[in-house]
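Participant: When we follow the working numbering, the leftmost residue of the sequence shown carries the number 29, and every step to the right adds one.
Warning: the hint list may mix true and false statements.
What the hints assert, rightly or not - The list that follows gives simulated cross-link-like pairs (lysine to any residue, SDA-like), each with its CA atoms no further than 25 Å apart:
(1) LYS348 x SER229
(2) LYS199 x GLU210
(3) LYS129 x LYS233
(4) LYS233 x ASP181
(5) LYS199 x ALA166
(6) LYS397 x ALA415
(7) LYS348 x ILE237
(8) LYS397 x GLU364
(9) LYS91 x ASN101
As the list claims (entries may be wrong) - Cβ pair distances, simulated, as ranges:
(10) GLY168 x LYS302: 21 to 29 Å
(11) ASP90 x SER198: 36 to 44 Å
(12) PRO125 x ASP316: 36 to 44 Å
Calculated directly from the structure, the hints in this document are not laboratory data. Keep in mind it's a predicted model, so treat the numbers as computed, not measured. Where a beta carbon is used, it is the ideal one built from N, C-alpha and C, also for glycine.
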Amino acid sequence: MEKLKKNPVFKASYILIALVFSFYLGLNWGKEGLNNNLEYQPLPAEDLDLSLFWETWDMIKDKYVNFEEVDRNNLVLGAIRGLVESLNDPHSYFLSPQEAKGFNQDLEGSFNGIGAEIGSRDGFLIIISPLAGMPAEAAGLLPGDKIIKINQDLTAKMSLSEAVSLIRGSKGTKVTLTILRETGPWEVNIIRSRIDVPSVSWEMKPERIVYINLDNFNEDVQKEFIVALGQIMPFGPKAIILDLRNNPGGFLERAIDIVSWFVNRGEVVLIEEKRDEIIEHTARGSADLRNIPLVVLVNQGSASASEIVAGALRDIRGIKLVGERTFGKGSVQSLENLNYGAQLRISIARWLTPQGHSIQDQGLEPDLKVEMTLEDATFGRDPQLDAALQILQN
């Protein structure tokens, strides 16, 4: 049996990116350029004229004072990045070849960094969730913390991939984050470490109630879940607590795999809205756990795939969600490979719960709201877990 030893205020993982190759928009048209100063009417795609891009390129080449010192590859990458950022979608972004390499290490479950899931909301770079037992958690970072500086660099106009690149680094090196909370800004120095991200851990609670923690929905979560069940089922569990707190998500298919253990085969797990197309994703597993009482723990660090799981279990089985409102990421991203090892993570669809509810920017409200305070975390208390145990014991 594995014993889970961590403070469940924290946990986590990592997120995804974006598309296309048309340089002219890369110079910030979509943000603040033409529409501020010129009478500009969008043209049909077949009539787009890239002459303005090349005119600007030539002007930079001919007139910029330090052009010989400029890395021209960076100009191209910056133009593509600006194109994707003009979508104004925090979940769509472009990854340079170097950034793509680091991102794929995340999906494999290990990398060097501080151990925190980072996202974007309302123009701020934020901590979605720190990983349990990792440097970010040890430094006191919490879900919802705003990162306003990385070392000496302001994050106000920084892309998510740029921020991640700055935060990461060699094991044993230091990164300084300036964090903004309601109480004001503060600086924290964090020593980078090797981050290994297990997906599943579990612990047997009194009265044969099994506590299962899912940290993420990376590629290996289904395999780890099967191994955990092999250890759990001989005990004849009476009930299960599924902890999705500070789980930032991962692969859509892995989320469906996990839901499929708890609901009947063929049940609609989520509805995907893809332009003019509606796709229903259904459970496809053995449903071995469908008759075992269940409670799901969530908080503001529960995002994306973990919201899919929580929403499906509540809609299909009436499972109670305990904790705090979830993050509210109701979109599906595709990771597309580009030339030279670059990648684009782009939003391709919106998803709805089986009963047709959208959680985009709203999140899932818990059935039983229980807050976890900083004082609770400091003294090792977990009122959310206690509430879930009480529901199942009754």
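Participant: Which earlier hints turn out false for this structure, listed by number in ascending order?
Facilitator: 2, 3, 4, 8, 10
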